[in-house]
Amino acid sequence: MRDPKQKAARAHKPRRFNMLDKLRKRYRWSWLLWVALSAYLFLPALPSLRRSSSGSEPRPGVRIYAYDLPPRFNRAWVDADARCARHLFAAEVAVHEALLLRQRRSGLRAEEADLFLVPVYVSCNFSTPTGLPSLAHARGMLAEAVDLVRADMPYWNRSDGADHVFVASHDFGACFHPMEDVAIAAGIPEFLKRSILLQTFGVQGRHTCQEVDHVVIPPHVPPEVAWELPEPEKAHRDIFAFFRGKMEVHPKNSSGHFYSKKVRTELLQLYGRNRKFYLKRKQYNGYRSEMARSLFCLCPLGWAPWSPRLVESVLLGCIHVIIADNIRLPFPDVLRWPDISLQVAERDVASLEAVLDHVAATNLTTIQRNLWDPVKRRALVFNRPMDEGDATWQVLKELEAKLDRSRQQGSKR
Numbered sequence: 001m002r003d004p005k006q007k008a009a010r011a012h013k014p015r016r017f018n019m020l021d022k023l024r025k026r027y028r029w030s031w032l033l034w035v036a037l038s039a040y041l042f043l044p045a046l047p048s049l050r051r052s053s054s055g056s057e058p059r060p061g062v063r064i065y066a067y068d069l070p071p072r073f074n075r076a077w078v079d080a081d082a083r084c085a086r087h088l089f090a091a092e093v094a095v096h097e098a099l100l101l102r103q104r105r106s107g108l109r110a111e112e113a114d115l116f117l118v119p120v121y122v123s124c125n126f127s128t129p130t131g132l133p134s135l136a137h138a139r140g141m142l143a144e145a146v147d148l149v150r151a152d153m154p155y156w157n158r159s160d161g162a163d164h165v166f167v168a169s170h171d172f173g174a175c176f177h178p179m180e181d182v183a184i185a186a187g188i189p190e191f192l193k194r195s196i197l198l199q200t201f202g203v204q205g206r207h208t209c210q211e212v213d214h215v216v217i218p219p220h221v222p223p224e225v226a227w228e229l230p231e232p233e234k235a236h237r238d239i240f241a242f243f244r245g246k247m248e249v250h251p252k253n254s255s256g257h258f259y260s261k262k263v264r265t266e267l268l269q270l271y272g273r274n275r276k277f278y279l280k281r282k283q284y285n286g287y288r289s290e291m292a293r294s295l296f297c298l299c300p301l302g303w304a305p306w307s308p309r310l311v312e313s314v315l316l317g318c319i320h321v322i323i324a325d326n327i328r329l330p331f332p333d334v335l336r337w338p339d340i341s342l343q344v345a346e347r348d349v350a351s352l353e354a355v356l357d358h359v360a361a362t363n364l365t366t367i368q369r370n371l372w373d374p375v376k377r378r379a380l381v382f383n384r385p386m387d388e389g390d391a392t393w394q395v396l397k398e399l400e401a402k403l404d405r406s407r408q409q410g411s412k413r
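Numbering (the numbering used here), first residue to last: 1 to 413.
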C-alpha cells in the first residue's frame, strides 16, 4: 500500500510548477520590456558613439550637383593632354570627377541640390608650348559656361549665382591671371562676384583676387606620391635642408618683375655653398626622393605665395619651411599648420640656418610626429573616388559650414 503522504506531495507538485511558470512568464515579459526600452533609448546614440570611438567624422551632408556641360569646357581638354589631370593645377579636374561620381552613386537630381558645380577646366592650358603661362582664354570660357547654365537651367537666375561653385586652381584665383599686378588690374569677373570659388591662392587680409566667397584648397599632387617612397617615419634623412627649383641669379626677368621677390636669389647667395643646404637649380624627375631624405624642405614663394612643395613635403614627412609672408593655408582646423611646419619671414632669410639649428636641437621629434599623422597627409590629397578625410571631403565640410552659416543668418532676418 502506497504512503498517503507521497500521494499528497505528488498532488501539490503541479501547483508549484504552475506558480513557477507564472513567475517565469512574468520575469520574461519584464526582461523583454527592459530590452525594448533600452533599445529605444540607447540605439539612436550608437552612430555618434561609433564615430567618437573610431575618430572618424560625420560624412558631409551638403549636396552638390555638377552640371553636365559640353566636353569642350572640361573633358575634351583632358582627352587632348593627359597631363591636364595630373599637374599642380589639376584640382579642377579631381574635384569635378570626385563630385560627379558621388552624384551618380547617390542619384542626386538638380532640384535636390544645395549647391551647383560649374566644371570648367581653365588651367588645363596653363602652360603653352613656349613654357610661358597663359590664362587668356579663361574669362571667355567661364562667361560662355555661365550663359549656357543661365539659358538651360533655372538655378543660376534664382540666386544670381550665389549657390554656384567654381574651381580656380592657378596662381591668383578668381582674377584669372598668373602675374599679380595684371591680375589685380583685371579683377574678378563681374558674373562671378556672388559665387563661391575653390582656389589655391590665399593670403591673410584683403586682396583684390580673393574678394569673393572662397575656400582655399591645396595644389594638386598625384595621390600615389604618398605610397611610392618609404613611410615618412622609416625614411633615412641624410639631407639637412633641401630645395630644388627656380633660383634666379639675377631675378629681374624680361617681364620687369622680380621673381620670388628676390627671396630665392637670396637663398642661393647665402646658402649655395653651405654644406648643410642641398640647393639645386636644375630640374630632376626624382626630386621627391630627395625630399624624402630631408629633414627640412624649403618652400619659398614663387610668383604666388603657394607651391606644390607644401603638399609634397607633408606626404613625404619633410618639415616644410614656409617663406611666404601672409600666406593663407588650406584646412587649418584639420592640419593645424603651426604644429607641422615652420614659417620664416621673407626679410629673415639671413637667419634661416640659426632657426633650423634651434628646431633640430629642441622640438624636431615633436614636429615630425605631428607631420607623420596619416590624417594630415590624407587631407591634402584629392582621391578619385573621394575618400573619407581627403581633400575633396574637406572641401565639402567647408562648403557645408558656409551653408549652415547662411541658413542661420537667413533665419534671423
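Treat the hints as calculated values from the structure; they're not laboratory data.
Please read these numbers as outputs of a predicted model, since none were measured by experiment.
Honestly, I wouldn't trust all of these hints.
Unchecked claim - Simulated crosslink set (DSS-like; lysine-lysine; CA at most 30 angstroms straight-line):
id: 1; residue 1: K261; residue 2: K234
id: 2; residue 1: K262; residue 2: K246
id: 3; residue 1: K262; residue 2: K193
id: 4; residue 1: K246; residue 2: K193
id: 5; residue 1: K276; residue 2: K246
id: 6; residue 1: K402; residue 2: K276
id: 7; residue 1: K282; residue 2: K261
id: 8; residue 1: K261; residue 2: K246
id: 9; residue 1: K376; residue 2: K402
id: 10; residue 1: K276; residue 2: K262
id: 11; residue 1: K402; residue 2: K246
id: 12; residue 1: K234; residue 2: K193
id: 13; residue 1: K276; residue 2: K261
id: 14; residue 1: K262; residue 2: K234
id: 15; residue 1: K280; residue 2: K262
id: 16; residue 1: K193; residue 2: K280
id: 17; residue 1: K376; residue 2: K234
id: 18; residue 1: K276; residue 2: K193
id: 19; residue 1: K246; residue 2: K280
id: 20; residue 1: K280; residue 2: K261
Unchecked claim - For each label pair, taking beta carbons as the anchor points, the in silico distance ranges come out as:
id: 21; residue 1: K234; residue 2: D160; range: 32 to 40 angstroms
id: 22; residue 1: S159; residue 2: R206; range: 38 to 46 angstroms
id: 23; residue 1: D373; residue 2: R104; range: 28 to 36 angstroms
id: 24; residue 1: P374; residue 2: D404; range: 25 to 33 angstroms
id: 25; residue 1: A401; residue 2: Q269; range: 15 to 23 angstroms
id: 26; residue 1: R206; residue 2: P374; range: 44 to 52 angstroms
id: 27; residue 1: E144; residue 2: R281; range: 22 to 30 angstroms
id: 28; residue 1: D373; residue 2: R281; range: 44 to 52 angstroms
id: 29; residue 1: E353; residue 2: P70; range: 28 to 36 angstroms
id: 30; residue 1: E111; residue 2: P70; range: 16 to 24 angstroms
id: 31; residue 1: G140; residue 2: L101; range: 27 to 35 angstroms
id: 32; residue 1: V334; residue 2: R86; range: 23 to 31 angstroms
id: 33; residue 1: A110; residue 2: V355; range: 20 to 28 angstroms
id: 34; residue 1: T365; residue 2: A80; range: 33 to 41 angstroms
The beta carbon of each residue, even a glycine, is placed where N, CA and C say it ideally should be.
Looking back at the hints listed earlier, which ones does the structure fail to meet?
-> Failing hints, ascending: 1, 3, 4, 6, 11, 12, 14, 16, 18, 21, 22, 25, 26, 27, 28, 29, 33, 34.
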